[in-house]
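J.: The residues making up each chain are set out below.
Protein chains: 4
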Amino acid sequence: MHYFSDNATPVCPAVMAAIQAADVADHGYDGDAWSARLDSAFSALFDAPVRAMWVASGTAANSIALACLCPPYGGIICHEEAHVVVDECGAPGFFTHGASLMTLPGDGAKLSPDSVAERLKAIRPDVHQVPASAISITNATEYGLSYTPDEVAALGDLARAHGLGLHMDGARFANAVAYHGFHPADVTWRAGVDILSFGCVKNGGMMGEALLFFGAQADARFAEAARWRKRSGHLFSKGRYLAAQLLAMVEGDLWLANARAANAAAQALAGAVPDRLMHPVQANELFIRLSAVEAAALRAQGFDFYDWGDGAARLVTNWSHDAAAVAPLAMALRSLPG
Amino acid sequence: MHYFSDNATPVCPAVMAAIQAADVADHGYDGDAWSARLDSAFSALFDAPVRAMWVASGTAANSIALACLCPPYGGIICHEEAHVVVDECGAPGFFTHGASLMTLPGDGAKLSPDSVAERLKAIRPDVHQVPASAISITNATEYGLSYTPDEVAALGDLARAHGLGLHMDGARFANAVAYHGFHPADVTWRAGVDILSFGCVKNGGMMGEALLFFGAQADARFAEAARWRKRSGHLFSKGRYLAAQLLAMVEGDLWLANARAANAAAQALAGAVPDRLMHPVQANELFIRLSAVEAAALRAQGFDFYDWGDGAARLVTNWSHDAAAVAPLAMALRSLPG
Amino acid sequence: MHYFSDNATPVCPAVMAAIQAADVADHGYDGDAWSARLDSAFSALFDAPVRAMWVASGTAANSIALACLCPPYGGIICHEEAHVVVDECGAPGFFTHGASLMTLPGDGAKLSPDSVAERLKAIRPDVHQVPASAISITNATEYGLSYTPDEVAALGDLARAHGLGLHMDGARFANAVAYHGFHPADVTWRAGVDILSFGCVKNGGMMGEALLFFGAQADARFAEAARWRKRSGHLFSKGRYLAAQLLAMVEGDLWLANARAANAAAQALAGAVPDRLMHPVQANELFIRLSAVEAAALRAQGFDFYDWGDGAARLVTNWSHDAAAVAPLAMALRSLPG
Amino acid sequence: MHYFSDNATPVCPAVMAAIQAADVADHGYDGDAWSARLDSAFSALFDAPVRAMWVASGTAANSIALACLCPPYGGIICHEEAHVVVDECGAPGFFTHGASLMTLPGDGAKLSPDSVAERLKAIRPDVHQVPASAISITNATEYGLSYTPDEVAALGDLARAHGLGLHMDGARFANAVAYHGFHPADVTWRAGVDILSFGCVKNGGMMGEALLFFGAQADARFAEAARWRKRSGHLFSKGRYLAAQLLAMVEGDLWLANARAANAAAQALAGAVPDRLMHPVQANELFIRLSAVEAAALRAQGFDFYDWGDGAARLVTNWSHDAAAVAPLAMALRSLPG
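Taken in sequence, the protein lines are chains W, P, B and V. When we follow the numbering used here, the leftmost residue of the first sequence carries the number 235, and every step to the right adds one. When we follow the numbering used here, the leftmost residue of the second sequence carries the number 235, and every step to the right adds one. When we follow the numbering used here, the leftmost residue of the third sequence carries the number 235, and every step to the right adds one. When we follow the numbering used here, the leftmost residue of the fourth sequence carries the number 235, and every step to the right adds one.
One chain only, chain W, in its complex shape (with noise of 0.2 Å):
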């Protein structure tokens, strides 16, 4: 039983339905009747108003949005350890044409205001050296925490009065969601977040995130991100494919129902082995310490997942799971002899 990642999934039967609901004659691009529901099926969900854009990948959601808030001489301040650094070979380098990843330290890769304020007070306000133009977070983290409203809230605030964008990848954002358990405007436009990037693959989707743009610049920067887009090869002629995905989420409460599921399973684990955590579980990963023998151990009962390092291992859940998928996992981890 693979927990290698949510990627491995199948996508949820009813997104698949969605998909072949879909399957008939229509405009293209992004010209279709489905399409042309995204902004009201996200301002209803959001309580706003939002402007809404199908883009096919997370890495092609996060790097238009930094492109929308950084220009080529700027930088984004992020986690070290976030997804935008280390596994999208440079993506946001490609799309904002060279801005500069400024990278910091904090645990569960979560970003800390101070450690943010304390970067932004080191840059010379001269030519010579790269002005900080946004924040990028990540939530869930890449470690799976979840920001609370207030954490955001500080760095939204630190944006707001250094003219930075504020950028967040929630890739595994309904996981996040899900765990706290606030409304979606708290943790994102409320507290100061302007573009994001709104995960449905790793969630039960087939292709296609959403890219959410907030607040009074939302019509500009959408603007803009629809000639990354185009530019970027990501406008597909059969766009109502991916739009018909987006709406099955969030047009009802999938996309919160999926996430539940794998939360569920997620805590189920994590009870198992308390001991071993090396992150609070606050969503639908784990990453446990885990010596090889062990690993090898629960290898060879089916269960697969990757190695994180020497002696810990990264366990990921997903929506098809609930506690009772599983327990077998569970039983197992807790019959390891350490």
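Since the hints were derived computationally from the structure, they do not count as laboratory data. Note that the Cβ used here is the ideal one computed from N, Cα and C, for glycine as well. Each hint should be verified, as a subset may be incorrect.
Calculated Cβ distances over 10 Å to all of chain V for the following chain P residues [said to hold, decoys possible]:
1) Ala356
2) Arg394
3) Leu490
4) Pro508
5) Phe537
6) Asp538
Per label pair, the in silico range of CB-to-CB distance [to be verified]:
7) Gly486(W) / Pro347(P): 54 to 64 Å
8) Asp544(W) / His417(V): 40 to 50 Å
9) Tyr540(P) / Ala255(W): 21 to 31 Å
10) Asp281(V) / Thr382(P): 56 to 66 Å
11) Pro247(B) / Ala356(P): 32 to 42 Å
12) Ala351(V) / Pro359(B): 53 to 63 Å
13) Ala395(P) / Ala259(B): 56 to 66 Å
14) Pro508(B) / Trp542(P): 47 to 57 Å
15) Asp453(B) / Gly415(W): 46 to 56 Å
16) Ser346(P) / Arg358(B): 21 to 31 Å
17) Asp281(V) / Arg394(W): 55 to 65 Å
18) Ser346(V) / Ala558(W): 46 to 56 Å
19) Ala356(P) / Ala259(B): 43 to 53 Å
20) Ser277(B) / Arg523(V): 37 to 47 Å
We have chain W; now place chains P, B and V onto it with these hints.
T.: Then chains P, B and V, alone, in the frame of chain W:
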């Protein structure tokens, strides 16, 4: 009934079935079983070792190909009405980091070896002028003409003689091959083509084209293209759903069957209006002289299509058509007073 | 005696003296006393508030100007034989991160408002096509023609009506102004020019041109240009040696005196071969019909110049010339049997 | 008396004389007699075949070098306080089209082979992570330390073993060589350096550095660099004035004589405040502990320099100094109460 674009047509049933068959757990990105079969499937089709990569859109396929063939300070010789020039919002400039499109005129959007040779001769070999690095042609062309193997080979010879790469935009490659009946190898690698954007979406796919690398540099270019694909956000996390579409197209002869249907429909329409044709019909597009009054009359009967400047229109047939399906439009065209 | 380029000529004595006068200790980059005087010197010259920046080369000046006026996904309308198109190895593509050069034909390398208007009309306002963002003209043109204020204003009106920026490549701006005798303001900001590359090197300088920003957006564009200048390696650490050259040119009327000398020399030559002229002579360049035999005959007498394709030649006069200096060449031209 | 930067110092007389000697008519760009001598002059100096190119600024030299060694999707390992990281407004990102700077800590701004090796080991060889493509070091470093040949060779061995290019930013290369007394070849190509930015401006030049290419790939990289130089606006039309400066530096031993003078002055100052030194003094820069009160006291005596954060200052000596010239500052430093 719509004739404005082959993008407007639904996915063909065999492709949809393939997508559903791929709806199982497997490794992410291109680590799945379907992606693993691409090289062999296309090698069989092209009767030669081919490196094949799924890419989400035609724009991405073309741009990544050009980035593999042309440095930022180089130039790409292409037709002034090529898709890469007029319909991709500058995507080649984005992916190549600013290479120049060296545009040439030519009947039916075809490049002639003479005009290419003349253009090459005009470039001074000093550091002030942009050197030509690649030639890009579209087959079938933007006006629905299809290159013969000899025509491609004449350009291929020029390319080789001047050390240029040769790219073919094959968004409607299937229609071109189906029209002439040549072996796909004859009009590509045997004629000097280095990289082919092999189109699927217009031919019945949902999303995803194949980028095919031929010849001695195929491996090196594939490796570089893999970086561009990731860096541009086109390495989808659930790539199996793309790979499955491509395999459904080419592991049988669906790609040709679909193209033949579209071509037959185009010929049926062409036969109805021989005197209105602005270009020979050698694929699935017709460009016809049509007054505004005539266009309105057709639309009143339920036929939809794009105007093509003043006094002209474009009609595009697709995989779901055949001669019978387009009979009503053929009759309506014949019945126009003019 | 060389007539192949005004680049080949030594620095004029007043500029060399200014360089030596600047050979004292002062702050680095543009923090020195000379750089601080640029704004006021050029504001006086242009009779309006001007933001002025030294830049090392004409290519850098042009490219930075275009990067301030055109986003990566935009287009720049210019003549197909403009320096930015044919002689800068794609520098505008580099500085703009891949913007498109939208080239137009036109007699004497001049852009006509009609052809620009027609080009603008042909662009669909959708996301697939590159929108025009700027117009760039060269004055004097690559064929030695000079725009009148009315001609520039017609382009300026078009630019304003379509929301485009207007750039003037003034590598030989002094020659153009000297020829017509208009006030420099009349042919620039009063006619709608936003940014001017004010040439010095061809006019007797050693290195360094001035980039001039006019109008309401001058400050914002200057600030952005300052980033591009630094980022492209053009913010020299001892900028005072560049600034001093520019001031020597424009704090008196050296720039005009030099240009008048070169122009007078060109007129003297033109008067010798009225029937050979391929273009009106309105600056310091002559393009004349000249057979290979005739060219050889002139070279045998010690005159050096560039061939300009078959049966033609380019002769360039410079600041160190006057009518007397070019009398030997004038006589040799008159004496040609043809 | 100024100690804030070696950029503030006038040009040394021999360089100014060389500029004036070059003030004759010659071919433009790098077609002149001075530019033609660069290869042989630097080959003699480095005791090996060297391809040498003038470039206007250190930022341009570094960036062009990195663009020759690193693709857009690659990474450059360098110190976190390197000039390319903190003082060039992201120029390497501009010239490389978005390559990543992979920064490492290290005493005195030196890179240690161990930290580089560890960084290399952490990069997964998949398409998601940016591969390392080059190492860039500064010699003398930003804190005035000079690498020994053995230290460079250890990095050169690592570079070769991993297929990386090795670049040396030698803005103060002369000071480094003068300090250790090694042959310039020992600390460059014999130790594995592929490209050297050979600094002249800080060492008494007006403008212009030399970009030097060593080894088997020198010709190919030079050819590519020539494109970048043109494309970035750095191919000046009167290049002879730059080439002449470089030749004046290295056809005799002016470059070393100037550096020795600056170094001697630095040692004289260091000897005055051994307990205040924050780094060993191995070139022409001193970083000393200095309270705000002490700094004010020195400035009141007419000594100018930059603060270096709280409680510290940077003093830079230059070619016009010697031990006698800095004696007043040495005495003032000794006389500080602290």
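J.: Take the hints in turn and mark each one as holding or not.
T.: Hint check results:
1. No Cβ of chain V comes within 10 Å of the Cβ of Ala356(P); the nearest lies about 19 Å off, and the non-interface call holds.
2. Residue-level check passed: Arg394(P) sits 21 Å from the nearest beta carbon of chain V, beyond 10 Å.
3. With a cut of 10 Å on Cβ distances, Leu490(P) stays outside the contact zone with chain V, its closest approach being about 32 Å.
4. For Pro508(P), the shortest C-beta to C-beta distance to chain V comes to about 51 Å, beyond the 10 Å cut-off, and the non-interface label holds.
5. Residue-level check passed: Phe537(P) sits 46 Å from the nearest beta carbon of chain V, beyond 10 Å.
6. Chain V leaves Asp538(P) outside its interface by the beta-carbon criterion, the shortest separation being 42 Å against a cut-off of 10 Å.
7. Checked against the hint of 54 to 64 Å, the C-beta distance between Gly486(W) and Pro347(P) comes to roughly 59 Å, which is consistent with it.
8. As the Cβ distance of Asp544(W) to His417(V) is approximately 44 Å, the hint placing it in 40 to 50 Å holds.
9. Roughly 27 Å separates the CB atoms of Tyr540(P) and Ala255(W), a value that falls within the hinted 21 to 31 Å.
10. Under the hint 56 to 66 Å, the C-beta atoms of Asp281(V) and Thr382(P), about 59 Å apart, fit the expected range.
11. About 40 Å separates the C-beta atoms of Pro247(B) and Ala356(P), a value consistent with the hinted range of 32 to 42 Å.
12. Look at Ala351(V) against Pro359(B): about 55 Å separates their beta carbons, and that is inside 53 to 63 Å.
13. Distance hint for Ala395(P) and Ala259(B): a CB-CB separation of about 58 Å, consistent with the stated range 56 to 66 Å.
14. A C-beta distance of roughly 49 Å is found between Pro508(B) and Trp542(P), which places it inside the suggested range of 47 to 57 Å.
15. Taking the beta carbon of each, Asp453(B) and Gly415(W) are about 48 Å apart, inside 46 to 56 Å as hinted.
16. About 27 Å separates the C-beta atoms of Ser346(P) and Arg358(B), a value consistent with the hinted range of 21 to 31 Å.
17. At roughly 59 Å, the beta carbons of Asp281(V) and Arg394(W) sit within the given window of 55 to 65 Å.
18. Between Ser346(V) and Ala558(W) the CB atoms are about 52 Å apart, so this pair conforms to the stated range of 46 to 56 Å.
19. Here the CB-CB span from Ala356(P) to Ala259(B) is close to 51 Å, well matched to the stated 43 to 53 Å.
20. Between Ser277(B) and Arg523(V) the Cβ separation comes to about 46 Å, which falls inside the hinted range of 37 to 47 Å.
Figure legend: structure checked against the earlier numbered hints; every hint is met.
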